[in-house]
Amino acid sequence: MLRLCLTLLRHRIPAMVAVACALFGAALLLTATGVLAETGVRSHLPVGRLAAADVVVSAEQSLPTAEDVDVALPERVGVPADLADRLAQVPGVRAAVADVSFPVAVVGPGGRVVATSGHGESSAALSGDALPALDGDRVALAADVAAAAGVRVGDEVTLRVAGRDRPARVAALVAVPATGVLLDDAAVEAVAGPGRADLVGARVEDGRTEEVAAAVRTLLAREDAESRYVVATGAARGDATLPSAGAQRDTLVVLASSMGGVPLVVVGLVVAGALGTVVATQRRDLALLRAVGTTPRQVRSLVAGQATLVGTAAALSGILLGYLLAGRSLDLLATGGLVPPDLPLALSPLPALAALLVVALIAQGAGRWAARGTSRAPLAEVLAESTPSSRTPSRPRTLVGLVLVAASIPLAAPPLFSGTLDAAAGTALAGMVAAVGIALAGPDLLRRGSELLVRRGGFRRGSAHRSVTSWLAVQNLRGNLVRSAGTTTALTATVVFALTYTLTQTTVLAAATRDTAAATVGTRTVTAVGGVGDDLLDAVTAVPGVRAATVGDTSVVLGRTVLGEPEVEAEPALVLGPGAGRVLDLGVTAGTLDDLTGSTVALGETAARSLHVGVGSSVPLRLGDGTSVTVRIAAIYSRGGGLGEVVLPTDLVRDHTSGRLPDRLLVRTDGAAVDRALAAVLRDRPGVELATTTTSTAVPANTVLNFAVLGILVAYLLLGVVNTLVASTTARRGEFEALRHAGATPGQVRVAVRRENVWLAGVAVLAGIAVSVVPLALLGVGFLGRPWAAGPWWFPVATVVVVVAVALPAVELSARRTLRRA
Numbered sequence: 001m002l003r004l005c006l007t008l009l010r011h012r013i014p015a016m017v018a019v020a021c022a023l024f025g026a027a028l029l030l031t032a033t034g035v036l037a038e039t040g041v042r043s044h045l046p047v048g049r050l051a052a053a054d055v056v057v058s059a060e061q062s063l064p065t066a067e068d069v070d071v072a073l074p075e076r077v078g079v080p081a082d083l084a085d086r087l088a089q090v091p092g093v094r095a096a097v098a099d100v101s102f103p104v105a106v107v108g109p110g111g112r113v114v115a116t117s118g119h120g121e122s123s124a125a126l127s128g129d130a131l132p133a134l135d136g137d138r139v140a141l142a143a144d145v146a147a148a149a150g151v152r153v154g155d156e157v158t159l160r161v162a163g164r165d166r167p168a169r170v171a172a173l174v175a176v177p178a179t180g181v182l183l184d185d186a187a188v189e190a191v192a193g194p195g196r197a198d199l200v201g202a203r204v205e206d207g208r209t210e211e212v213a214a215a216v217r218t219l220l221a222r223e224d225a226e227s228r229y230v231v232a233t234g235a236a237r238g239d240a241t242l243p244s245a246g247a248q249r250d251t252l253v254v255l256a257s258s259m260g261g262v263p264l265v266v267v268g269l270v271v272a273g274a275l276g277t278v279v280a281t282q283r284r285d286l287a288l289l290r291a292v293g294t295t296p297r298q299v300r301s302l303v304a305g306q307a308t309l310v311g312t313a314a315a316l317s318g319i320l321l322g323y324l325l326a327g328r329s330l331d332l333l334a335t336g337g338l339v340p341p342d343l344p345l346a347l348s349p350l351p352a353l354a355a356l357l358v359v360a361l362i363a364q365g366a367g368r369w370a371a372r373g374t375s376r377a378p379l380a381e382v383l384a385e386s387t388p389s390s391r392t393p394s395r396p397r398t399l400v401g402l403v404l405v406a407a408s409i410p411l412a413a414p415p416l417f418s419g420t421l422d423a424a425a426g427t428a429l430a431g432m433v434a435a436v437g438i439a440l441a442g443p444d445l446l447r448r449g450s451e452l453l454v455r456r457g458g459f460r461r462g463s464a465h466r467s468v469t470s471w472l473a474v475q476n477l478r479g480n481l482v483r484s485a486g487t488t489t490a491l492t493a494t495v496v497f498a499l500t501y502t503l504t505q506t507t508v509l510a511a512a513t514r515d516t517a518a519a520t521v522g523t524r525t526v527t528a529v530g531g532v533g534d535d536l537l538d539a540v541t542a543v544p545g546v547r548a549a550t551v552g553d554t555s556v557v558l559g560r561t562v563l564g565e566p567e568v569e570a571e572p573a574l575v576l577g578p579g580a581g582r583v584l585d586l587g588v589t590a591g592t593l594d595d596l597t598g599s600t601v602a603l604g605e606t607a608a609r610s611l612h613v614g615v616g617s618s619v620p621l622r623l624g625d626g627t628s629v630t631v632r633i634a635a636i637y638s639r640g641g642g643l644g645e646v647v648l649p650t651d652l653v654r655d656h657t658s659g660r661l662p663d664r665l666l667v668r669t670d671g672a673a674v675d676r677a678l679a680a681v682l683r684d685r686p687g688v689e690l691a692t693t694t695t696s697t698a699v700p701a702n703t704v705l706n707f708a709v710l711g712i713l714v715a716y717l718l719l720g721v722v723n724t725l726v727a728s729t730t731a732r733r734g735e736f737e738a739l740r741h742a743g744a745t746p747g748q749v750r751v752a753v754r755r756e757n758v759w760l761a762g763v764a765v766l767a768g769i770a771v772s773v774v775p776l777a778l779l780g781v782g783f784l785g786r787p788w789a790a791g792p793w794w795f796p797v798a799t800v801v802v803v804v805a806v807a808l809p810a811v812e813l814s815a816r817r818t819l820r821r822a
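Just so we're aligned, residue 1 is where the sequence shown starts under the UniProt record's numbering, counting upward by one.
The hints are simulated quantities; they were obtained by calculation from the structure and are not laboratory data. Virtual Cβ for every residue (Gly too), placed ideally from N, Cα, C. One thing to keep in mind: the hints can contain errors.
[As the list claims (entries may be wrong)] Here are the in silico distance ranges between beta carbons for each label pair:
#1 T589 <-> T527: 27 to 35 angstroms
#2 L421 <-> A770: 22 to 30 angstroms
#3 V400 <-> R820: 55 to 63 angstroms
#4 V681 <-> L421: 53 to 61 angstroms
Let the sequences and hints guide you as you build the complete structure.
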């Protein structure tokens with residue numbers, strides 16, 4: 001069988017190029033997503049300043065849910081500071097140190113400001129550094145922080161801690177990165193509060209690390225069973241330095257899964273189409289094999305074997321490039337803040353082996369599917385080369401396709417009832433389902449369309465109203481329905497993918513930008529390295545003609561009903577200080593922001609509707625560090641698309657956020673003169689910036705990644721279309737020879753092929769636009785209140801131009817080459 005596969009391949013190399021390219025792309029995408037997923041599962045942050053701590057104990061940074069994955073908590077969940085004393089009593093522990101982190105800004109000579117983190121001097125034991133006594137104004141700086149601030153040992157600096165400036169002198173430099181600033185423990189306790197720690201590190205006797213770790217787990221399970229702790233050793237210790245590390249690694253796994261899931265569907269369609277063309281070119285060879293006794297099962301195995309051989313060879317190079325693509329993708333995610341910048345890429349042969357296995361399965365499955373018609377057809381029909389494309393398409397197949405197209409409409413309806421990202425995702429899903437439906441119903445729809453064209457368009461045999469080349473083009477459409485439908489549906493899928501996926505993202509961004517612009521009354525924004533303290537707020541509000549309020553960002557865990565299903569997930573939340581109503585107009589429809597104090601909350605209309613609550617109702621929620629609170633609803637507002645569906649008062653979350661200080665001040669002034677006075681007040685404050693408030697919503701990193709994945713998918717689809725068109729045109733050599741023998745000139749044949757593909761491209765573009773119109777219209781109504789999506793006007797035009805510009809030259813060039821050989 002192997003020798004026969006190689007023999008057939010040697011004589012059908014051009015047709016197998018399409019299969020090789022398709023499976024190369026599959027291996028590339030599968031390897032890249034596999035490496036990213038493995039990184040999310042196995043990789044850990046560098047141990048850094050915890051290098052000397054053999055065992056690190058921290059709190060679990062997630063909230064367990066009954067029937068779903070755990071919800072990641074964005075803020076640091078602390079541990080009791082006295083946990084260090086308990087761990088010090090465990091046999092084998094030499095010392096246990098509690099560590100706490102807080103934001104610090106170092107102001108060096110010339111106003112150079114470096115944002116970093118502060119720790120107590122006892123934390124130096126976790127990195128193995130020996131320090132002089134740090135008391136009063138003496139501090140130690142990490143070497144990288146000192147270099148950035150331009151200071152050395154003995155120099156004076158200003159530390160901005162908890163929004164207040166204090167003088168300090170550099171007593172020592174620490175070589176370990178990410179150490180930040182070390183202060184005396186009393187000063188740290190005054191900032192962070194007594195009894196609180198972020199983690200506890202334990203130094204143990206040599207060779208007893210795992211024994212001590214097991215003893216610590218037993219101790220915690222016995223004495224504090226209600227709390228959830230993580231006891232880490234080895235490389236896993238590094239994750240304790242960043243609260244969001246676990247959540248970001250989980251996000252990486254989810255992103256990799258979504259990046260690999262949709263491409264697999266596309267890969268299957270492209271490979272199946274390419275192999276269908278291969279089977280058409282080998283139909284005569286397969287017929288002869290059937291004539292000499294080859295069974296249908298052996299025919300299917302022969303086609304699948306060819307695909308597997310080609311796929312394995314192509315996959316090897318795709319796998320190598322997949323590792324490079326994974327590295328670039330991780331850099332992009334780190335730049336966008338979705339993963340820690342120093343998270344290393346996990347490299348192992350597992351993604352390569354998995355990609356090779358999946359490619360082989362795709363090749364086997366697609367090959368057997370493509371050969372099923374030839375293997376099952378009666379032998380007389382196969383020998384007569386009566387192609388399946390000339391038969392009437394299957395009615396069940398057409399019915400299933402039409403059902404899928406109809407089913408795409410309710411799938412696109414969620415934006416009408418919920419303005420959430422989950423609802424918007426239904427638009428792209430509806431487009432994909434409709435594209436699959438078009439692929440199934442395509443042959444029958446094309447048959448009916450071509451028959452209508454013959455009856456109504458003057459293309460009957462002997463008609464004098466149409467040219468010979470046009471008549472030939474129409475007859476080719478009717479006589480090769482499967483081939484023509486394959487080309488049309490591939491181009492249609494490309495148009496649908498491009499329009500629905502891209503315009504979904506741009507519409508959501510447009511809705512967020514609209515709400516943000518309408519809500520933002522304050523024209524100036526004040527930011528400070530380390531956060532906005534009370535003294536800065538007092539200085540700004542003391543300027544006559546200035547109204548200001550603090551604004552921050554956090555997350556809460558809120559249970560809600562989405563599309564009829566209960567969900568528990570982290571929701572972004574806005575944190576507002578007193579007087580926020582003077583600088584923000586949230587579009588309050590019930591209640592007032594003046595009541596947003598203490599244990600209260602304001603909810604967007606979408607969140608309130610999903611929770612079935614109103615002003616005065618009580619709602620249980622968890623703050624960003626997992627603290628459970630019951631809050632009263634003070635207001636309901638309409639502009640949640642850009643600002644989030646939850647607004648909290650500053651005094652509720654102050655002790656439950658990692659930064660503890662607001663991120664910025666939103667300022668409203670009475671004119672240019674007040675602006676100048678405000679700028680003068682802030683001019684001599686290093687690290688404080690006054691900027692014009694921007695109301696445009698920044699493109700999230702995951703949206704950028706979605707655009708990148710979409711670009712890869714569209715390019716892959718177009719590559720598959722080009723390869724299939726070239727292979728199918730090359731396979732028409734016998735048809736071109738027959739036309740030449742009947743008296744057609746090469747020019748007439750080329751014109752007929754050109755017109756045939758112009759019609760196919762036109763049908764594909766119109767079908768793609770028609771399939772995309774309804775989901776995008778429903779999306780526009782739900783998010784923007786109008787029956788069309790938001791996005792650049794030129795994008796649909798560019799999509800059509802690219803699809804046509806890629807498809808038509810591919811057919812034209814391959815037809816010219818085939819005619820020269822005919």
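Cross-check of the supplied hints:
At about 31 angstroms, the beta-carbon gap between T589 and T527 stays in the expected band of 27 to 35 angstroms. For L421 and A770, the hinted distance range of 22 to 30 angstroms is satisfied, since their beta carbons lie about 26 angstroms from each other. For V400 and R820, the Cβ-Cβ distance of about 42 angstroms falls outside the hinted range of 55 to 63 angstroms, so the restraint is violated. Between V681 and L421 the CB atoms are about 40 angstroms apart, so this pair departs from the stated range of 53 to 61 angstroms.
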